[in-house]
Structures are given as structure tokens and as C-alpha cells.
Amino acid sequence: MSDVRIFKPRFNPAKPAFGLLVFLLYLFLLAPLLIVCVVSFASNQYLSFPPEGLTLKWYEMLPQESTFMEGMKVSLIVAVIVTLIVLALGVPAALALDRFDFKAKAAVQSFFLSPLLIPSIVLALGMVLLFGPLGLTNTYAGIIIGHVAITIPFVIRTTLMSLATTDTSCEAAARVLGADSWTVFRRVTLPIIQPGVIAGGVIAFIVSFDEAVISLFVAESGLPTLPVQVLRYVENSADAAVAALSVILILISLAVVVVVERVMGLRKALR
Amino acid sequence: MTEPKLSIVDLTKRYAAGLEPAVDRLNMEVEEGHLVALLGPSGCGKTTTLRMVAGLMDPTAGSIVVDGKEITHTPVNKRGMGMVFQSYALFPHMNVEQNVAFGLEMRQTPKSEQKARVAAALDMVQLGHLGKRQTKELSGGQQQRIALARALVVEPTLLLLDEPLSNLDAKLRETMRTEIRSIQQRTRATTLFVTHDQDEALDMADRIAVMNGGLIEQFGSPTDVYERPRTHFVANFIGQANFLTARVGAETGGASLAGESYYKVDVEGLGQFGAVGAAGLSGSTHEMVIRPHRLTVALRPGADQTPVAGTIERVSYTGDALAVAVRVGDQQLQAQLLTSSGDLPRTGDAAYLSWAPEDAYLLPATTSAERLAA
Amino acid sequence: MTLLQTPIAAEKRTDRDEGLLEKATERRNRRTYLALLLPGLLGLLVSFVFPLAYMIRMSFNKGAPDGVIVETFTLDTYIQPLTDPYYWRVTLDTFQMGVTVGILCVLVSYPVALFLARSTSKYRGLLIAIAIAPLLTSAVVRTYGWMVILGTNGLINSSLEGLGLIDTPLKLTNNMTGVTIGLVEIFMPYAILAMISGFGRLSPQLEEAAGSLGASKFKVFTRVTLPLSLPGLLTAFLLVFVLAISTFITPRLLGGGSVQVLATEIYDQTTGLLNWPFAAALSVILLVLFGLIIAVYQRLTKKIGG
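Protein chains in written order, with our numbering: chain S, 1 to 271; chain L, 1 to 374; chain A, 1 to 306.
These are computed hints drawn from the structure, not numbers from a lab.
Some hints could be false.
Said to hold, decoys possible - Partner residues are not named here, just some residues of chain A that face chain S (Cβ under 8 Å, in silico):
(1) G43
(2) V46
(3) L92
(4) V112
(5) G154
Unchecked claim - Over the 12 Å line for every Cβ pair with chain L, so calculated as not near, a few chain S residues:
(6) K15
(7) F18
(8) L20
(9) L30
(10) I35
(11) V80
(12) L136
(13) T166
(14) D167
(15) C170
(16) S181
(17) I192
(18) I252
The structure displayed is predicted, hence computed values, not measured ones.
Every residue, glycine too, gets a C-beta built ideally from N, C-alpha and C.
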């Protein structure tokens, strides 16, 4: 009586079981982030379970931990400059790729996205080899140049995504109404593609801010970024100060996630 | 005629070498204050022509002259035109007033004057009360009017409308037709109007340019293109038409107002009839056009004229009118009659068709068969 | 962070074809688009092409002890990794780790992706965002989280000891087990993202249609759901595989020096032994491995796609 079944939805034990499975997998996915939060408030002197009590001492320790503060400063400076540079380089390039037609267009587009296809360890090695003789290792310039390669694709992609969904006749309308190219860009195109530009910018920021491999190769000894400092600390110490720092990093990422989700949708921006 | 507002001379657009031109040596003159419809099927080059006039596209050859000044190579933002796009192209990040003011801002019109002119433009399209709204909140018809106000507020040299009604539903389209026409007549803005809808063109335009394959097949008033089509394409595209191949005999004397002659014609399989056409057609074969509703359908043979006997093959009832397809020999003729409460013809009935000589128009171009032979 | 590129979906728009034709012919536009592209192209040239090219060139030099580099053109540096059993072991381990992580990651991501693809809940967007948000958090932080969970005094060992289930802590870090668990979780968002995008043809209506034709739940899954999700699963697997064989942070931290894969080997050769030509040769080998896999993948997707 298979046809009866369609009209009579019965209790199906598979459904809650599947739901439970999905819930557990979500838990697995978020486990390291959740555990870091828990540990950061635990008063245990060394990493261990269960937490013996609640404390904020790890957070209070952070400002005194000069390596962290130094790393934070380096990472912030790098990430801000990288973001500005890749926006300046990426948005015009995306504009050219969407609004103009030329022979090598597909190739150029693939080229702009190709740094994502190269393992960052390989890129990092190439950079340290090239930057060494040029005196760029352990400098801001070295780290920044290194990060430009891996963040440009995000800006190009989100901007292209925004451009692809806009109606080009808005720009035509502005031109007919007397606007020159620059005015059209400033007054019409840019406001319309703003979501893609913002999403690309904040993603570039967080990717640069969290990047560890290139920074490790290019500037480990002289100008360690925050992720490099965290990496070293984790390798050498067992206390929970780094957990408190991690929570702050997670919160920064969360802010980025919220912004991207708001302006264009996380899934669209990252696919 | 005084100097035309717009003249287009040998305008040509080729998208790539080796491709058929999208617009092929097009010539046209538009009088001040006229609304000219560029009418044709998709791909006929009408939008390309409009975009070249707007300056959004570079012509491959030819020139565009407005008010006696050549503007072929003037950049789009210096042409001072107003354009309404199919999608309206309202700036999504600006409210209604900001949209309308944009063109004035570009012209650096003083703020106070901007305000007054924007208000006047919005009043003209009866949307004065919506100035502060976001464009997304507006209906299609309202967006359309905002787009029109935005184009007109700058007092454009030419108003260009690119299929402005095609995104509206049928009812609203009729209303907007009337409204655009009346606003155009009030502002006396010389207007180019691209459409694929013949009703729109006939209803709104002072002149219609019927386009096909990058060429203007005919440029004339709505009655011209409907009553006196110059080509098979025009007759077929505008309204419905029956085409009969006629061997044109002697002139029967008497000329119509437009200097046309009456002829005796011989239609194979149907017999001899009277028809009207340009002078000097005698002795060759031409296509004869008869509009379906100009055919008189009788259910029994009448006394007058020489009716053509046939059988009704298909009847389609649309309330106020009845379309019938009548088999006559080896051809099928479409006819139309208004319904009445009496008996309506049915499939299989005999029908007798007749028409006045004035309603049988001989196309000036020779038939395609002869063109091929020549 | 690395992502495979996916073509940008052409979305519906109006006035588009006209616009495209328009730009195809404007000659004066040439200067404009070149001016727009040039800064970006230069940026990538400096930060991407030059380093890669220089590295490839470096791989043909000869490395001498103490970081001395002999400028030459030789394949010597390739001979060692290709003949020395130790490097065969490392390459094989890397490959194996990639396959294991790929398979496990697909297995744990599939239910989540399936759930998200079929969900009609109003929280679907939020749930998708939560599933892929970890992608934007630092790999260092997430690896650290796994160290806390898997470590000798970590969550798992403490819990099991507390429950009296074990006497000596399980060895979950400083070995491949830990690295694998960590990588599976770290790459889950990528896999989920790839799967949701790859499930394009999978719709609840299809499953309902199969159900209405009398198919059992199991049949619906094996005959409709699974075949339709195969392309997404394959993409996800390859993406994770490619990411896994080149990852550095997690093997280094969770492997604690006892897990040697190509990436950690490259690092050691670079900063420890200062044998740059050799590190470069290893990188080129990794790149070639990458290229091969991506080529195979493109072949496969073409086949599946029709």
C-alpha cells in the first residue's frame, strides 16, 4: 500500500536520528573553538580538565604579554595596509574583467584567482628565497607583498560577484545624464557594488590577519606577526594565556563573518 | 520642411569584421517635436541605432546630426540627451528625488533651481508625493514614470526610450502609453522610441520607422505604414495581412488622392479584381495585400461585385470579433467580422468573400520570385 | 588559506547582451581596461609570479652545506627526493594523509551538507553561515583547540580517566591520528561549501517524486539522493585532498615533530638546514602533484558533467 503512505506521514524514527547526527557533527565542527573559550576562563594553572574554577586572569595577562602585543601590532598594520592595497588593485581589475571585453579575458581572470590554487607553503618558500637577497625578509614590505598575492583573489571574486548581478544600464543612464567615467564609477558603480567590495575587503583583512605560513617564512625572526607568535607560544608553553588570545582572534573573525553575511552572504562570498 | 531636429546619415554598425552589419547605412530625419518609433523584430538593429544616437555605442560609419551640429563623435555625457531604459535603470542607492536630480547635478544647476525643477518633473508624472521614497518600494509603473521624469528634467535635446513599456503588464502598458504620449506632446520633446510592439508604435508615434535586418524598410506616418506598406515585410509585421500574387493588367482610370492608380488585376485561381497601387505597375506581377477586416464575408452569394467562393476552415471567437480562415482554391485567406447576436458562421460553411478595390493594395516592390529571376 | 576556484555564476540581468556587444567594439576602451588591469597584474607579478619563478629556478641550483648555494643548472636536487627512500616515505605519507583526511572529511560533511541543502528552515542561512564561518578563523587557533582536546591532559583523556575507562592517557597528539582528526575538522567548512554548491540538481521535489513512486526511504537515498550528490562529493574530496597535502600548521603543531609530510619537510629544509635548492625541489614536486590532481579532477568533472 505504498500510495497510502504519501498521505499519512507517520512518525519516522530516522528523522530525529539524522537531526542528532547533524547536531553532533556541528558540535565536532565547532569543538576546537568552543573548547578554547572554555579553557580561557578556566583557572587551572596548566592545561587540564576539568576546569577548577572561573577566572579572567588569562585575559588580564594579555596586555602584559609583550610578544602578543607586538604581534598584534604587526598583524594589524600588515592587515590594514594589505586590505587597502588589494582593494586598490583588485576592484579596478574586477571592473575591467566584468565591464570590458578582451581576448585574454578568461586567462586573466584565472590568473587573478590562481594564487588560491598554489599551496601557501610553496608560495612562502618562493617569497623567502626571492625576498632574502632583496633585503625584504623581516620587513613590513616583505610580509605585505606576500599577503597581497593570497588576498587579491578574494577581492576580485566578491567584486566580480557584485558586478555580475548589477544592471549595466544604470551606468549607461548616468553617462547619458552627463556623468564622466570617474563620476559614474564614484556615484553609481561603486555604491552599487559596495557589498562585494566590503565583503572582499574584510575577507582580505582577516585572511591577512590570520595568515601564518607566509609570515612564518618571511619574517619569523625579525617581525613575527600575531599568528606566528601564537604558533611559537603554543609550541613552548602549556598555560591558557594563548586561549584568551585565541578567543579574541575568534571574536575578530566572528565580526568579519557577521559583516560578510550581512552585506552579501558568507556562502556567496566564499564559494 | 524646416531643418530636421535629428538626421541620421548612412549610419552603420558592424560588431565585428565579417559579421553582417547590425545597422546598415541607415538614413532618417526626425522633425522637431515628433515622436518617432523604431519598430521591428528583435535583432533588427533598432536598439543599436538608439544607442548610437545616445552615444553609448560608436558607429562604424555614418554620422548623426542634431540641430545642424554633427555629434557622431561627441562623448555620451556631452550630448545632453534623456534616455529611459527597458529596466528603467533607476539608481538603487538613491531615493526618487536624488535620481531625478542626478542629471541637473551633473550640469551643476544651482541647488534651489534643482529643487524646483525636480519637483516640477515629479508633478508632471504625478508622483510629486513620492520624492523621498526609495526606488525599490515603487511599482513598475511608478518606476517607469520616475525614469521618464529623470530623463525629461534636464530638458534633453532628444528623448530616447528603449522599450520602456515591455516590463509592464498589459493593462498598465495601455495607460502608460497614453501618459507618455501626452507628456511628450506637452513638453514637445523630440523623441525616439524603440519598440517591437506594433500597437504601441501605431498608437503613439508621429512617424514609424519599420526596421528589418539593419535597414529601414519604411519610414512614414502610422496610416502610411499600415495602409500603404512598401514591402511584404512591413505589411506582414504591422497588422495582419493576406497576400495574393497578382498579375497587374491595364489601368482602369481614376486616381486616388495620393496619385495612385486603379488597376485591373488577375489573381491566379480566383479571377479578376480591381486593385490600387503606385503608378506604372501594369504588365508585371506584384503582391496584393488585403487586411483581414477589409474582407467582406457573406454566407450566401450576394448580388454585388464578384465574390470569391470558399469554405470556412477555422473559426476563432474572441467576443467582439470573429476571425475566420477561408479556403479558396489552394490558399487560405484570413477574414474578420464583428459578431452580432444572429447566426455565426461555422466550420464547413460556404463563404463568399468580396472587397473594395481601394482595400486591395499592390506592393510597389516586385515579388520575390521576380526579384530572384532578375 | 587556499580555495579552489569555481567559475562565477552568470546571473540573470537585463540589458546585458547589448552591453556586452557594446564593449566588444569600443576601441577607445582598450586604454581604459589596460589601465584598470595593470596595477593588479603588476601586484600579482611581484607577489606571486616572481617568487614562484625564482623558486623554480632555485630548484635547479646546487645546495652545499651551511646554506651555500652554487649557481648552476642541474637536476641533482631532484635526484635525492626521487631516489632516497626517506623522501619516498614522506611523499607517500603525505599522499596517504590526503586520502584519509579527504575520505573522512567527506563522510562527516555529507550529512551536514545534505541537511543544509534540503532544509527549508528559516534559520537555514544562519546554519550555513555557522557551518562555514570557521573557515575565516585562524588555523593556528583551531589547531590549538584540538591540542587542548586531544592532548595528554586534554578533554578526552581527562574525561576518560575521570570515568575510569583508561589508566594511561591515549596518545592522540604528536602522531598522525591527531593530525588527521584536526585536519578533518579544519577542512569541513570547505567540504560543506563545495557540496552545497555541487548539489545543484538535488531537490527535495525529486526525492518526493521518488517517494511518491513507491520507493522506500533507503531506495530514495541510494537511487536518487546519492547519485545526484556524487559530483559534489567528488569535488569536496579533491578539494580537501589538495588542501591536506599542502597544509603546514596542523601537521607541525599536532604532529609535534614526529609527523613528517612534504610541507614540514620543506620548512625544515628551508629554515633548519638552509638547503634552499632542495626545499625548492620538494616544492616543485608538491606543485607537480597538485597539477596532476587538478588535471585528473577536471577530467572527471567533465565526464560527470556530461
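In terms of Cβ atoms, is chain L entirely out of 12 Å range of S:T166?
Label violated. Min Cβ-Cβ 9 Å, cutoff 12 Å.
Taking 12 Å as the cut and beta carbons as the points, is S:L20 off the interface with chain L?
42 Å, holds
Holds or violated: is the Cβ of A:L92 closer than 8 Å to a Cβ in chain S?
18 Å, violated
Against chain S, is A:V112 within 8 Å by beta-carbon distance?
5 Å, holds
Cβ separation check - S:K15 to all of chain L, threshold 12 Å
It holds; S:K15 is separated from chain L by about 39 Å at its closest Cβ, greater than 12 Å.
S:C170 non-interfacial with respect to chain L [C-beta, more than 12 Å]
5 Å, violated
Taking 8 Å as the limit, does the beta-carbon of A:V46 come near enough to a beta-carbon in chain S?
OK, holds: A:V46 within 8 Å of chain S, min 6 Å.
Distance rule for S:D167, whose beta carbon must clear each one in chain L by more than 12 Å:
Violated: least Cβ distance 5 Å, not greater than 12 Å.
Is the nearest Cβ of chain L still more than 12 Å from the Cβ of S:I35?
44 Å, holds
Does the claim that S:I252 lies off the interface hold, with its Cβ farther than 12 Å from every Cβ of chain L?
29 Å, holds
Classify the label on S:V80 as holds or violated, using whether its beta-carbon is more than 12 Å from each beta-carbon of chain L.
Holds, since 26 Å exceeds 12 Å.
Against chain L, does S:F18 keep a CB gap of more than 12 Å to every residue?
Nearest chain L Cβ is 39 Å from S:F18, so the label holds.
The structure fails hints 3, 13, 14, 15, 16, 17 (numbered hints given earlier, in ascending order).
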